[in-house]
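Line order of the protein sequences matches chains S and G.
Going by my numbering, the first sequence runs without a break in its numbering and finishes at 373.
Going by my numbering, the second sequence runs without a break in its numbering and finishes at 125.
Warning: the hint list may mix true and false statements.
[As the list claims (entries may be wrong)] The calculated lysine-lysine pairs, modelled on DSBU-like cross-linking and capped at a C-alpha distance of 35 Å, are:
1. Lys-119(S) <-> Lys-175(S)
2. Lys-284(S) <-> Lys-358(S)
3. Lys-119(G) <-> Lys-358(S)
4. Lys-102(G) <-> Lys-268(S)
5. Lys-12(S) <-> Lys-63(G)
6. Lys-300(S) <-> Lys-175(S)
7. Lys-21(G) <-> Lys-300(S)
8. Lys-331(S) <-> Lys-102(G)
9. Lys-119(G) <-> Lys-51(G)
10. Lys-331(S) <-> Lys-21(G)
11. Lys-358(S) <-> Lys-102(G)
12. Lys-300(S) <-> Lys-51(G)
13. Lys-13(S) <-> Lys-119(G)
14. Lys-345(S) <-> Lys-358(S)
15. Lys-358(S) <-> Lys-331(S)
16. Lys-119(G) <-> Lys-3(S)
17. Lys-300(S) <-> Lys-48(G)
18. Lys-289(S) <-> Lys-63(G)
19. Lys-3(S) <-> Lys-118(G)
20. Lys-51(G) <-> Lys-358(S)
21. Lys-63(G) <-> Lys-331(S)
22. Lys-13(S) <-> Lys-51(G)
23. Lys-118(G) <-> Lys-12(S)
24. Lys-345(S) <-> Lys-12(S)
25. Lys-63(G) <-> Lys-358(S)
26. Lys-21(G) <-> Lys-165(S)
27. Lys-345(S) <-> Lys-75(G)
28. Lys-296(S) <-> Lys-286(S)
29. Lys-63(G) <-> Lys-175(S)
30. Lys-102(G) <-> Lys-296(S)
31. Lys-300(S) <-> Lys-75(G)
32. Lys-12(S) <-> Lys-102(G)
33. Lys-118(G) <-> Lys-358(S)
[Stated by the list, open to error] Computed footprint of chain G on chain S, listed as stretches where at least three residues anywhere in the stretch have a Cβ under 8 Å from a Cβ of chain G:
34. 25–33
35. 298–311
[To be verified] Label pairs and their computed distance ranges (CB to CB):
36. Ala-106(G) <-> Gly-356(S): 35 to 41 Å
37. Asp-35(S) <-> Lys-118(G): 24 to 30 Å
38. Ser-34(G) <-> Gly-137(S): 57 to 63 Å
39. Arg-92(G) <-> Glu-129(S): 57 to 63 Å
40. Leu-330(S) <-> Asn-110(G): 42 to 48 Å
These are computed hints drawn from the structure, not numbers from a lab.
Computed from a prediction, not measured in an experiment: that's the story for all the values here.
Note that beta-carbon positions come from the ideal geometry of N, C-alpha and C, so glycine has one too.
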Amino acid sequence: MLKRTALFEEHKKLGGRLIDFGGWEMPVQYTGVLDEHQACRTAAGLFDVSHMGEVHVEGADAAAFLNYLLSNDVNKVAVGQGQYTLLCNDHGGLVDDLVIYRRAVDRFLVVVNASNTDKDYAHMQKVLEVFKKNHSGAKVSLSNESANYSQIALQGCKAESILQKLTSTPLAPIKTYWFAEGKVLNSIPAVLARTGYTGEDGFEIYVPWDRGTEVWRALLEAGSDVGLKPVGLGARDTLRMEMKYPLYGNELSDERNPLECGLGWVTKLDKGDFYGRSVIAAAKEKGLKHQLVGIKLTDKGIARHGYALFDQTGTTRIGEVTSGTQSPSLKFSIAIGFIDIAHAKAGTAITVDIRGTKTAAEVVPTPFYRRPY
Amino acid sequence: MNFPAQLKYTRDHEWAKIEGKTMTVGITDHAQSSLGDIVFVELPQVGKVVKPGDTFGVVESIKAVSDLYSPAAGKVVEVNNRLPEDPGVVNRDPYGEAWMIKLELAEPANMMSVDEYKKYVESLS
Chain S
1 MLKRTALFEE HKKLGGRLID FGGWEMPVQY TGVLDEHQAC RTAAGLFDVS
51 HMGEVHVEGA DAAAFLNYLL SNDVNKVAVG QGQYTLLCND HGGLVDDLVI
101 YRRAVDRFLV VVNASNTDKD YAHMQKVLEV FKKNHSGAKV SLSNESANYS
151 QIALQGCKAE SILQKLTSTP LAPIKTYWFA EGKVLNSIPA VLARTGYTGE
201 DGFEIYVPWD RGTEVWRALL EAGSDVGLKP VGLGARDTLR MEMKYPLYGN
251 ELSDERNPLE CGLGWVTKLD KGDFYGRSVI AAAKEKGLKH QLVGIKLTDK
301 GIARHGYALF DQTGTTRIGE VTSGTQSPSL KFSIAIGFID IAHAKAGTAI
351 TVDIRGTKTA AEVVPTPFYR RPY
Chain G
1 MNFPAQLKYT RDHEWAKIEG KTMTVGITDH AQSSLGDIVF VELPQVGKVV
51 KPGDTFGVVE SIKAVSDLYS PAAGKVVEVN NRLPEDPGVV NRDPYGEAWM
101 IKLELAEPAN MMSVDEYKKY VESLS
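For reference, chain S alone in the conformation it holds in the complex (with noise of 0.2 Å):
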């Protein structure tokens, strides 16, 4: 038996195609890919995803803890504020990649995604364990809340306006990456929070699970004049392609390290030690023989998840294809992909190949779209 989020009877009504998604019946279109790619990067767009997973952690001690269990610096992030941030295994590979939101000084939201919610969560009872081992007494407090939580990102030019008409919480003054508390629909609790996953200026609403469905009609309702449009997760894939945002279980996993996924930025190998940390800082001393690249095939196809890279020449194998669309926005096809360091460059020549056919590609600076705004 598939889950559903609270929105499901929402998503039937409107004509959405429903797909397993990680154990999860979810949208993967409405009306099409396409025009609902269109509508988030020229409009705004609404997406359910509700199945990713809440994670509280509190106590005095939740932030040394988090500090610990998660690659980015905590200690950075203030009171408001949200991180990207991964959670790392004891190899150096990646459990998944998450966002934290700091509630209070001693109380944290975790967000990770849904089908690794609970491997997630057993994974950091795990690290709490060798954590309170290493500091008798510390005070900290896991709960699993994903059942808690309805999540809908509102994405896009006209997000900030379409969300203000349900809020009297000022949104202008939230920065990317900080959130607030306050209420929508006059009563309901929400945490707004200026996140997303496609490029675009939004937010991410974090709203009670049985007040998922009012938040949902009201946001499409308060956008429908400006060309708001439900957005299933065949869309949320080619927009966060054309950023080259990663996703678990195509660019990350757990036998791939931070680093060759292009992900040193988040992982502060210097901020004394966490979960991973020796196995990342020995791989990166020995340096890196893979890096995740962006791919622009100048020849016609589409390169898709498992096709092999070869260099110009099509002769010697260098890399394989993780993530590959032709980019809606860009008109021409795009992939993402793991290639030898050698190789990895911008502007070097290589091929894919699909189905047989060597075919002409490149390896160019990302992301491949940028916001107009």
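Fit chain G to the supplied structure of chain S, relying on the hints for placement.
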């Protein structure tokens, strides 16, 4: 879902219009709808000889790759060169503007009638 009565169909969701020894082939409304936005179409060279079930091309949507299978034995005598330039036609007009190839038939084709195909599509859902 549109199922024109005058056409013949395959289990791989191609349609065919037979006029004498010439067969025009495309993909069905059900096929384009299941695939979603088509962004890439690859068609064969004129002159390619095919047997029933042979791959003659590829359509790709944002999410999926799908081979195109010949419904009959014959030789490709014409291809719709507009499609690789404007793949979205396959979504907009699968039975008309988005015809894919014309075959000169080597032998009569064995395909489903519209009623059989409708039943087949219903059995899939």
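For each hint, the structure was consulted:
1. Lys-119(S) <-> Lys-175(S): Given that 35 Å is the threshold and the Cα spacing comes to 32 Å, the pair holds.
2. Lys-284(S) <-> Lys-358(S): 32 Å, holds
3. Lys-119(G) <-> Lys-358(S): 41 Å, violated
4. Lys-102(G) <-> Lys-268(S): 61 Å, violated
5. Lys-12(S) <-> Lys-63(G): Holds - the C-alpha atoms of Lys-63(G) and Lys-12(S) are around 21 Å apart, at most 35 Å.
6. Lys-300(S) <-> Lys-175(S): Cα-Cα ~40 Å, so violated.
7. Lys-21(G) <-> Lys-300(S): This hinted pair holds, its Cα atoms lying about 33 Å apart.
8. Lys-331(S) <-> Lys-102(G): The given pair, whose Cα atoms are some 29 Å apart, holds under the 35 Å limit.
9. Lys-119(G) <-> Lys-51(G): 26 Å, holds
10. Lys-331(S) <-> Lys-21(G): 39 Å, violated
11. Lys-358(S) <-> Lys-102(G): Distance ~28 Å between Lys-358(S) and Lys-102(G) Cα, so the pair holds.
12. Lys-300(S) <-> Lys-51(G): Measuring from Cα to Cα gives roughly 27 Å; hence the hint holds.
13. Lys-13(S) <-> Lys-119(G): Distance ~26 Å between Lys-13(S) and Lys-119(G) Cα, so the pair holds.
14. Lys-345(S) <-> Lys-358(S): 20 Å, holds
15. Lys-358(S) <-> Lys-331(S): At roughly 21 Å apart (the allowed maximum being 35 Å), Lys-331(S) and Lys-358(S) satisfy the hint.
16. Lys-119(G) <-> Lys-3(S): 31 Å, holds
17. Lys-300(S) <-> Lys-48(G): 21 Å, holds
18. Lys-289(S) <-> Lys-63(G): Between Lys-289(S) and Lys-63(G) the Cα gap is close to 30 Å, so the pair holds against 35 Å.
19. Lys-3(S) <-> Lys-118(G): 32 Å, holds
20. Lys-51(G) <-> Lys-358(S): At roughly 26 Å apart (the allowed maximum being 35 Å), Lys-358(S) and Lys-51(G) satisfy the hint.
21. Lys-63(G) <-> Lys-331(S): Holds: Lys-63(G) and Lys-331(S) sit about 16 Å apart, inside 35 Å.
22. Lys-13(S) <-> Lys-51(G): Roughly 44 Å between the alpha carbons, so the hint for Lys-13(S) and Lys-51(G) is violated.
23. Lys-118(G) <-> Lys-12(S): 24 Å, holds
24. Lys-345(S) <-> Lys-12(S): Violated. Lys-345(S) to Lys-12(S) sits at ~45 Å, over the 35 Å cutoff.
25. Lys-63(G) <-> Lys-358(S): 21 Å, holds
26. Lys-21(G) <-> Lys-165(S): 64 Å, violated
27. Lys-345(S) <-> Lys-75(G): 46 Å, violated
28. Lys-296(S) <-> Lys-286(S): 29 Å, holds
29. Lys-63(G) <-> Lys-175(S): 34 Å, holds
30. Lys-102(G) <-> Lys-296(S): 34 Å, holds
31. Lys-300(S) <-> Lys-75(G): 25 Å, holds
32. Lys-12(S) <-> Lys-102(G): 40 Å, violated
33. Lys-118(G) <-> Lys-358(S): This hinted pair is violated, its Cα atoms lying about 39 Å apart.
34. 25–33: Per the Cβ count (4), the hint holds.
35. 298–311: Three-residue rule met by the segment 298–311 of chain S, so holds; n is 4.
36. Ala-106(G) <-> Gly-356(S): 35 to 41 Å: The hinted range 35 to 41 Å is violated for Ala-106(G) and Gly-356(S), with Cβ atoms some 27 Å apart.
37. Asp-35(S) <-> Lys-118(G): 24 to 30 Å: With a Cβ separation near 28 Å, Asp-35(S) and Lys-118(G) satisfy 24 to 30 Å, so the hint holds.
38. Ser-34(G) <-> Gly-137(S): 57 to 63 Å: 59 Å, holds
39. Arg-92(G) <-> Glu-129(S): 57 to 63 Å: Check passed, 59 Å falls within 57 to 63 Å.
40. Leu-330(S) <-> Asn-110(G): 42 to 48 Å: 44 Å, holds
In summary, the numbered hints that this structure violates are 3, 4, 6, 10, 22, 24, 26, 27, 32, 33 and 36.
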